[in-house]
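Student: For the protein sequence lines, the chains are A and B, in the order given.
Each number in our numbering corresponds to the 1-based position in the first sequence with 1020 added.
Each number in our numbering corresponds to the 1-based position in the second sequence with 2 added.
Calculated directly from the structure, the hints in this document are not laboratory data.
All figures in this text were calculated on a predicted structure; none of them were measured in a lab.
Among the hints, a few may not be true.
[As the list claims (entries may be wrong)] Short, incomplete list of chain A residues facing chain B, as computed with Cβ under 7 angstroms:
#1 Pro1055
#2 Tyr1056
#3 Val1078
#4 Cys1086
#5 Leu1227
#6 Asp1247
#7 Lys1291
#8 His1294
#9 Phe1299
#10 Met1300
#11 Pro1302
#12 Arg1304
#13 His1315
#14 Pro1321
#15 Tyr1328
#16 Met1339
Glycine is no exception: its CB is placed at the ideal position from the N, C-alpha and C atoms.
One-letter residues, chain by chain:
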Amino acid sequence: MRVLVSLIAVLALAFIAYLGVGIGHADTLFGVVIPYLALAIFLFGIIYRVVTWARVPVPFRIPTTCGQQKCLEWIKPSRFENPYNNFGVIIRVAMEVLFFRSLFRNVKSEIKQGKVVYGHTKWLWLAGLAFHYSFLVIIIRHLRFFVEPVPIFVKWAESLDGFFQVGIPILMLTDVVILAALTYLFLRRVLIPQLRYISLPADYFPLFLIGAIATTGILLRYFFKTDLIGIKELALGLVSLKPVVPKGIHWLFFMHFFLVCCLFTYFPFSKLLHMAGIFMSPTRNLANNNRAVRHINPWNPKVEVHTYQEYEDEFREKMVAAGIPVEKQPEPQGQGTKE
Amino acid sequence: MGEPKFDEMDNYKKEDLLKVDYKPPGKSWFETKIDFNQRKGSWIYPAKPKNLEYIGFPNPREWFPTDEDWKLPKNWKEIILEGMADRLKRFRTFQVFMDICVRCGACADKCHFFIGGGDPKNMPVLRAELLRSIYRREFTKAGRILGSIAGGRELTIDVIKEWFFYFYQCTECRRCSVFCPYGIDTAEITMMARELMHLLGLNVNWIMEPVANCYRTGNHLGIQPHGLKDTLEFFADDIEDVTGIKVDIPMNKKGAEILFVTPSGDFLADPGIFTCMGYMLLFHELGLDYTWSTYASEGGNFGLFTSNEAMKRLNAKIYAEAKRLGVKWILGGECGHMWRVMHQYMDTMNGPADFLETPVSPITGTRFENAKSTKMTHIIEFTSDLIKHGKLKLDPSRNDDLVVTFHDSCNPARGLGLFEEPRYILKAVCNNFVEMPEDTTREKTFCCGGGAGLGTDENMEIRLRGGMPRGHAVKYVQDKYGANMLAAICAIDRATLVTVCDYWAPGVGVTGIHELVANALICKGEKKRTMNMRGEPLPGVNPEEEGDEDV
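When you get a sec, could you build the whole thing from the sequences and use the hints?
Tutor: Here it is as structure tokens:
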């Protein structure tokens, strides 16, 4: 059900693009207006969300420590798993962002023959990494449409991606990898019962959406052999704020482009924000130097406490009788107290 | 005797508990309801009104989870939503963790309650979703418009009941946060949920009674000052029986160099009391200028399991007492959650401790720069430094009857990173030390199943289930290396792991590290030792040699 809702939503979006351009010929709407709108929502949305997060205070410094602390000089601290300074924190966060450090740690637990057993499991880590990196390379490759002359690193990314020199046009590895990774990420959601149980439409929708973007992109590159000159003209026009919509661009391109716009629009309102959130996670981005450097809570509340005086007032006689020093000697008549 | 009841260990057969069905039910988790009658053994009794009244918490009343009507305030929904809105603005963790989870499921099988019980709502992701579904529905546009398609869920009494059930099935151990690619910390979520429930007067007595006690008498157990003195004197007598040494008991001593604070669990029951005796013997041997405090007679802080304000209220006495007594610095005993509070919260809440000095070991001269702001040092750091500098004469063979393994307690592990120091001490004070499997120690350590205020009896089933991963790891080293003693630097562990071991690895005892230190410690002027701190004969000693009898 949750899968179906998401799939239908993505198909509907694709169909809207087809209706709009394939039949309605609203090229300017889909080639100019919507892209600008989507980009604006994307940028302002993300900034708004990150600013919202940043404005919420971090009352306590609560890093999750995953290695030896720094205390005694003859014990080697784990500088990046349990950072005690900002340099360590930067490396720790970088390891999370670039290599998915925590996911790499994954250990599967289950009960087998009456025993709890553990096994390392790297598949999710691998698929996650493959997905994110191929997505990144694909984005870099696409810069060739938006910049003239094409920057050297874009060419590098392309030649690396097409390393095997198979087919014409040359097959890009990332096209294969991203589809494979998406398929894995989708299949594990529907095939692993616990995962199916926790998955929401918001988990399937981005998978389908990105899958549809990749598929239309692949169709455009390998099968439809679209008018690349025209597309580049469109892209450069958008970037230079002098939009033109050349004639004769295939509707499939607009479908691809529209789905990308949908992804951009959806981004700030969804779990895809984890991209920004990882930098803001207090269990990862703070140093474990709690006892050395005081952390300030901006709203540190004033609370009612039970003072020593109140305590001694209640127990003074008993304390004196037990020979425990007191601040104030009891009144002479006050011997014995009620329980 | 009769049939064992649901709050007794013997009521549960291992074969039954091991039949864990990890397959979630067919029905969506949005729709499942808790039947509290059916699930006896998995929830905790509510707080008694007198305890809430004493600390001024809302809605004190008699109620019971099996009642249909939980006697909530009429505007309960409004209270919860306002409470959420307020906390979303005060805790970045709460706001960010509500927003960024991708439900990748990496946390699912990291929770000891899920591994041992299979209830899908014990997967950390779903535990958080119990709150997140309400957040989406009430605080996000998509959720308001699209409802359940956007993962939103209506806030009903059944949702609140579910919170009460599952947020008191989380021990705030933070194991899941180690594995989460975004560091989402379920302890934070649980703390928020518990704070919200307190607004309605939904709390458990196992936490609120210690909180009320601690507020009044200075410790969770409600030991009054003269009672504490009696207890320590009793320990001193036992120490004398074992070592022939009469240790002194400085109480509320002004001008002492060090204030010593330890969890009150160390005053109460076997085996914690032997650890306490260990501290006393060590301090005496060192000639340490220290003092106990009757007012700050609790290092632990069940406020941590209640709300940040409650934590602060209970913690305030530590610095206040250090100031009143005029000590230079504070030394803290072996405790888990206490150290989370002392390390991650105390200075922020009740500091700055500018009237204290950076801790310096008077024996070795080591300056504990890592504690230069909080001015509080962990006794494990302190003692490992002593041993490294050769300041203790030790005879580890006195622990030769033991094959010891070490349980990393959740908070020192994932809140401090105190991994090598305790191992260093253990290797110095006993000859047989073995490690449990790698996936169950250090940052990946498993909770005892009774932390964060869950260590009572009426939730015995869930405790035994939650203790299963730890219990099995203990059993593994018991079978493989003959381990017969589990050392832990946490007072809750010393109470709850006894049950876990008795159940999952019978024959393995539980100890604190300073009990083993005291066994091995060769003291000036001691008599020939024939007994360990428990009054049991030392290995290779014929018990009849000594005339002493003990209780």
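Student: Next step is simple, just say for each hint if it's right about the structure.
Tutor: Hint check:
{"no.": "1", "hint": "Pro1055", "verdict": "22 angstroms, violated"}
{"no.": "2", "hint": "Tyr1056", "verdict": "22 angstroms, violated"}
{"no.": "3", "hint": "Val1078", "verdict": "5 angstroms, holds"}
{"no.": "4", "hint": "Cys1086", "verdict": "4 angstroms, holds"}
{"no.": "5", "hint": "Leu1227", "verdict": "11 angstroms, violated"}
{"no.": "6", "hint": "Asp1247", "verdict": "37 angstroms, violated"}
{"no.": "7", "hint": "Lys1291", "verdict": "5 angstroms, holds"}
{"no.": "8", "hint": "His1294", "verdict": "4 angstroms, holds"}
{"no.": "9", "hint": "Phe1299", "verdict": "10 angstroms, violated"}
{"no.": "10", "hint": "Met1300", "verdict": "5 angstroms, holds"}
{"no.": "11", "hint": "Pro1302", "verdict": "5 angstroms, holds"}
{"no.": "12", "hint": "Arg1304", "verdict": "4 angstroms, holds"}
{"no.": "13", "hint": "His1315", "verdict": "5 angstroms, holds"}
{"no.": "14", "hint": "Pro1321", "verdict": "6 angstroms, holds"}
{"no.": "15", "hint": "Tyr1328", "verdict": "5 angstroms, holds"}
{"no.": "16", "hint": "Met1339", "verdict": "5 angstroms, holds"}
The structure shown violates the earlier hints numbered 1, 2, 5, 6, 9.
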